[in-house]
Amino acid sequence: MSLWKIAWRSIQQRGLASSLTGISMALGVMLVVAVLVIHGAINQSFLNNEGLGYNLVVGAKGGRLDLVLNSVYYLARPIENIPYTYYQEFIDGRFAPTVQTAVPLCLGDTYEEFRVIGTTPEFFDKLDYGGKQYKFASGRNFKAEETFGAVIGATVARDTGLATGDTFQPSHSGGPEAHVHEEQFTVMGVLEPTGTPNDRGLFINMEGFYLIPEHKSEDEVPPTDAPAPHDDHEHDEHADHGHTDHGPEGEHAGHEHHDEHADEHKHAGGDHDHEGELKDEPDVEGASDDGPGDDDESEHAEKDAVAPDEPEKTATADTDAEQGASEPAEKAESDGEDEDHHSDGEHGEEDKHADHDHAGEGEGHAGDHEHDKAGEHEHAHQHEHAHGEEHEHADEHGHEHGDEHGHEHGHGHGHEHGDEHGHEHAHGHDHAHEPVPIEQREVTAVLVLTASIGGAPPELLAPGLMKQVNEGPVAQAAQPIREMSTLFTTFVDPLRIVLLSLTVLIVIVAGIGILVSIYNSMSERRHEIAVMRALGAGRRTVMLIVLAESILLSLAGGLAGWAVGHGLVGLVSPWIADQTGVSIGAAQFVGYELVIIPGLIVLATIVGYLPAMAAYRTDVAKALSTTP
Amino acid sequence: MLQISELRKSFREPDGSKLPILNIKAFELAEGDQVVLMGRSGCGKTTLLHVIAGISRPDTGSVRIDGCDITQLSEAGRDRFRADKIGYVFQTFNLLPGFSALENVLLGMSFAGKGTDASRARDLLERVGLQHRMSHRPGMLSVGEQQRVAVARALANRPKLLLADEPTANVDSAHQQQIVDLIRQTCREEEVALLMVTHTPEVAEQFDRVERLEDFNQAVAVA
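If you read the sequences in order, they're chains A and B.
To convert, note that position 621 of the first sequence is 621 in this note's numbering; the numbers rise steadily by one, no gaps.
To convert, note that position 34 of the second sequence is 34 in this note's numbering; the numbers rise steadily by one, no gaps.
One chain only, chain A, in its complex shape:
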């Protein structure tokens, strides 16, 4: 009969006390395991480079952590955008050589509580997660030409009931501007669970995303309000869409400047660093006056640095009011809101005003350039801008401004374009949307996997590309892993240490409970020990039996706690997955857990030492003479 069995019999003999101390140990170990596993799994999924499939995130300048939380984890508040053309730099531009894969993301919409992410099919074709390819539980990836195609994550499918073939309407998640888009996207496929934040995403074709009018401009006009659409204003709307990211401030500034002088426009443009600068380069071709106009464009109508194309067009537009208008009109087509805004005719109406503002901005840019050359155009633009102000402030003001600058021009200009585009818009909504000009596009972020040259790990090129991006004025690049590990080391790790310390303390207290339990039993056990000694057991043997008992109690409790701890993790894992997109299975283990068993043995040996020594020192002759 082994010492272990003898010890186990002794534990059984005092079942109640033993099980109570065992339970306290189980409780402690359970908490340790839960903290370890949950933290470890989160740590792993947040900090594991390979888990993402890319190593850089490029987005608007600002908080890097915000960028990472947004574009990688779909958490935190929405952030600014960057021009689509900047994304193109990663595809075939100056960044391309160091880039293996670049996938754009357009954020800002939601469906129920889940994020809607505009992207390209490459997200699932070229990126992987944790070294695994994305698989579809049903359906397939959407195709680039399937403008309103979408793929949804497993959690989304589970919680919303959406399935392949279903349609859904993203809604704009901009606080007071929140509303449901009219565009319907069709679920082409449902992802298998990935254990990543992507389980909680609805991925829509970016092309379709751009066809949602609000994504080209700030939506200041509530859809319900818009009474009578005005042709002129359609243009305006388009311009607004282009501006998507620019807040009301940008518009206001722009408008004000317009009203006063073209130069002021420049200033406004200056505020918006990205676009203005980008466009300035192409603009150089035009007159010095164009510069300001470009800025405005960039800010208001088009953030994309498509300057080369536009200046020309705008120039033509300037000369010919109609021509100039035609382009904006096209943009307007893409915007779905045009319908609502058709009744621009009069500035008095709020809706119209809003339209005017947008129009003023959008065209204003082109217009400014043109206007420099042709006075009429300028007036028209200013007029529009004036309207914009009206919207914000008061209709009356808008009218006044308009009067000053010349309503006629503005209206004429706008009307022509508006009419053309108005038709187009209607078509777009009902039948087929026309692609949005690249200049009007924006992306929230670009997920970049740097190239691996000569078999070297892609991470080698990441710092260089990051520096390149960050030194530029347009965007910033962040390494998700680094940002997250900074966050972790700053906040999460200390928290874990506190939690772990507490749970370890609980384990130690449980260990002391075992000590007390065994030690208290020593008086009654002294006789048993003496009997065993009389049967020939040595001092060391009885000492080891007591130690074994302490270890058995700790291990039995600890193993139970370990199992229950994993069960607990399994129980809360759906909640964690819902909160963070990080899925943790009950069977997910952490390396630190390997320390638990040896740790428990050490602890049990320490707490068992005292009673074991009492057993060792038992005076056999004396103990035998006392009756139990």
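Relax, there's no trap hidden among the hints.
Going by beta-carbon spacing under 10 Å, a handful of chain A positions derived as facing chain B: (1) S2; (2) I6; (3) Q13; (4) R14; (5) H527; (6) E528; (7) A530; (8) M532; (9) A534; (10) A537; (11) G538; (12) R540; (13) L624.
In silico DSS-like cross-links for lysine-lysine, where the CA-CA straight-line distance does not exceed 27 Å: (14) K18/B / K622/A; (15) K5/A / K114/B; (16) K622/A / K25/B; (17) K467/A / K126/A; (18) K126/A / K61/A; (19) K143/A / K132/A; (20) K467/A / K61/A; (21) K143/A / K126/A.
Over the 10 Å line for every Cβ pair with chain A, so calculated as not near, a few chain B residues: (22) D15; (23) G16; (24) L19; (25) E31; (26) S62; (27) H136; (28) Q176; (29) Q178; (30) H199; (31) P201; (32) E211.
Hints listed in this document are in silico derivations from the structure and should not be mistaken for laboratory results.
Ideal placement from N, C-alpha and C gives every residue a C-beta, glycine not left out.
Starting from the structure of chain A, add chain B where the hints point.
This is chain B only, laid out in the frame that chain A set:
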């Protein structure tokens, strides 16, 4: 088989003085002997058994068992020797309550370092008439049955010498004779020498050799 010579053992009193307990010039037991040891209470019978078993160490003198002077052994050596060569039956049985009858017998084997022999343990329990009680805990056995288990346990390691300290004192008179018969018979079968302490004259008179400790323990005589 057992030779004791010049054995002295004293306890230290609380005031520091020594209280002699044992002072035995010579005491012998031949192989297979069955001897009763009598004596009034407090004359050192149990202490003598402890010394013979190696549980207590004498101040001086030698205790040779099967040719080995256990007073020369270390404590661990005596433990081993005791496990190997000496069986011990207590007045209060001292079965371990957490173990079944069979396990109590096996426990006696497990300290000898020879491994446990379950078939021998069962055989012993059958011979003491407990073939149907093997998996019972001591609490579920009558006192008579408990003492039988204790006898089986004491003989488990095929000892050379069985020390029985008033094995029938706690057993009702109806079973007293059964226990004595059992012990004597199994000792004979196992060729084990028996030294039994008893206060009961009816038990003592069954033995060929009865020793009174007062007669050869000079410590007591002096006192």
